[in-house]
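Asks: Here is how the chains run, residue by residue.
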Amino acid sequence: MYRTPEGKDIFVVDGHTHFWDGSPDNQKNIHGKQFIDCFYAYHTGLSPKDQLWEKGKFEKYSADDLYRDLFIDGPDDVAIVQSTYLKDFYKNGFNTIERNAEVAKRYPERFIVNGAFDPRDGEKALEYIHFLKETYDVKGVKMYTAEWNGASKGWKLTDPDAYKCFELCEKLGIRNIHVHKGPTIIPLSKDAFDVHDVDHAATDFQGLNWIIEHCGLPRLDDFCWIATQETNVYGGLAVALPFIHSRPRYFGEVIAELLFWIGPEKILFGSDYAIWTPRWLVERFWAYQIPQDIAAERGVQLTDEIKEKILGLNAARLYNIDIEAKKKALASSPFSIAAE
Amino acid sequence: MATASVSDSREKELWRRLGEVNDPELDEPITEMGFVERAEVKGDGSVEVDFRLPTYWCSPNFAFLMLDGVRRALDQLPWSPAYAVKLHDHMFADEVNRGIEAGKTFGDIFAELAADTDLGAVRETFSMKAFKRRQEAVLRGLRQHGLTDREIVGMDLPAYDVARFEPGEAAKQKPRYRAALLERFPDHRTDGPVFVTWDGQHIPADALSAYLAELRGVRVNMEFNGALCRGLKQTRYKELDVVDGEPTLVDFIMDRVPARSAPVT
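Quick note, the sequences are listed as chains A and B, same order. Just so we're aligned: the first sequence equals residues 1 to 340 in this note's numbering. Just so we're aligned: the second sequence equals residues 1001 to 1265 in this note's numbering.
None of these hints come from the bench; they were simulated from the model. Incorrect hints may appear among the rest.
[Unchecked claim] The calculated DSSO-like cross-link candidates involving lysine-lysine, where the alpha carbons are at most 27 Å apart (straight line), are: (1) A/57 / A/91; (2) A/326 / A/8; (3) A/153 / B/1233; (4) B/1174 / A/153; (5) A/57 / B/1233; (6) B/1086 / A/33; (7) B/1233 / A/49; (8) A/28 / B/1086.
[Said to hold, decoys possible] Reference excerpt, derived from the structure (chain B facing chain A, CB under 7 Å, subset only): (9) 1055; (10) 1217; (11) 1220; (12) 1224; (13) 1226; (14) 1232.
[As the list claims (entries may be wrong)] Cβ-Cβ distance ranges computed for the label pairs, FRET-style: (15) B/1006 / A/291: 32 to 42 Å; (16) B/1172 / A/134: 53 to 63 Å; (17) B/1169 / A/322: 29 to 39 Å; (18) B/1163 / A/163: 37 to 47 Å; (19) B/1168 / A/4: 33 to 43 Å; (20) A/163 / B/1198: 28 to 38 Å; (21) B/1101 / A/55: 48 to 58 Å.
Predicted model, so just to flag it, every value in this text is computed and none were measured. Built from N, CA and C at the ideal position, the CB exists for glycine as well.
Just need the whole structure built from these sequences, with the hints factored in.
Replies: This is the structure:
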């Protein structure tokens, strides 16, 4: 719960969090090292100085760190913890659903654990989706289209194998598909971070919600266009939001574009923990106003009401969270974490 | 010290040429982005360049376009030196460096990595984005200067050339937009409007606001990459020292690029 300076309580759903192990012990090869190094560069590049972690902790943090940063020091009421396997890079995977489910077990009211699958696994992917549903009753999955798999350096949402997987998701009621567009590597003729496959997939699977992380940036214009056409496409603010600190005017331009094109109902807060921690992000976001000239040009405002939607109400709707019931449940399950 | 001054002026020329190579995605010089880790003229005149991108994961096609730009820049050096270019810490670094050593062109090297190496289309996309981003900066600059939309869209090249800006983005982009315009439209008529769309369409005064909103979208994307790349590049090779809970970044490692006006006297 975030309590505003005016004393209002805001329900916060953090749409994008991780519990990873990127430590050298778990790295399988140079790619694993470079992957966590790149995350760390995001962390150091866009965090306020007083929020910086040392490298060792960033590579592998504890479950207690996670609880504290999200729910005790941090304002999250519920966190959606995403799974990203990266088994080509990490011996035990980067953050598998087993690892996430384990951390979620202690405070089940607090977590929504999402699964992940790789359509390139063919039949096995379909079996795995059944397994995810039966074992963890997942409500959502995270798709990382830039993931390497053997000789393949990425895949598209429109690949025939992917469509078979989405058909099954729809059938099983796994309705929230978080899509993380990483750099497009091959074909080389393609501009990186292409998001056009989202358009087709969203049209063809109307029963699924497509949450595009970091709002498709750096393809914000393409994303906005698609999300305006498709009623089931949403934008996650992870990665975009930290600019509120380093380049607030730029963040104003991004959020103004989003409000203008896709509107306040379809934008979701996400910290991308542990790249960033939610407390400072939510505090800054609540205090933020779009610079006047930008707001005037686009004719949009970031009101408290809109902020409240972005911080929690929109995600609660997608994940069927009954907010009043959830507040009661949370009040009756206090935290206990190991003393430092 | 004739030798020293020859090598100094060669080094200066080398950096000047490298400074003309742009990151295609960001439309900013690779030297300003800090991608050229080291560029050196050896005693025999040969040239060595170490090239490093902000992340291991930077798209290979961008790496290709930049390395190709570096090669062209080096080919233009007046003393026609032998040169060695090395790509560091990139997912395809080994393949690229082995290929270079074997005397292959970048085209051949990348063709081996992926069948699809026709980069013409992606080159054109980047030219378009650069055109729009430069144009937007100048258009906004002129508006801030108090020109009406009618005056702006009616401006021709002679009027453009005498316009002056305070130091800032518009001033920086003014000559760059001019270059992009003439590259796109080599037959541009001096008395024709200097602000046209990428397709050569005239922009009506009452459509300028909508057009600017479209250009903003292009810039927002490019800036996202630019800001990330800068941040990542700055921090990629630094570890964090946390002393008494007060983090201090080790800031001294990176500045290996000599100022482009340095150090010849």
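Asks: Any hints from earlier that this structure breaks? Give me their numbers in increasing order, please.
Replies: As far as the earlier hints go, 4, 13, 15, 17, 18 and 21 are violated by this structure, in ascending order.
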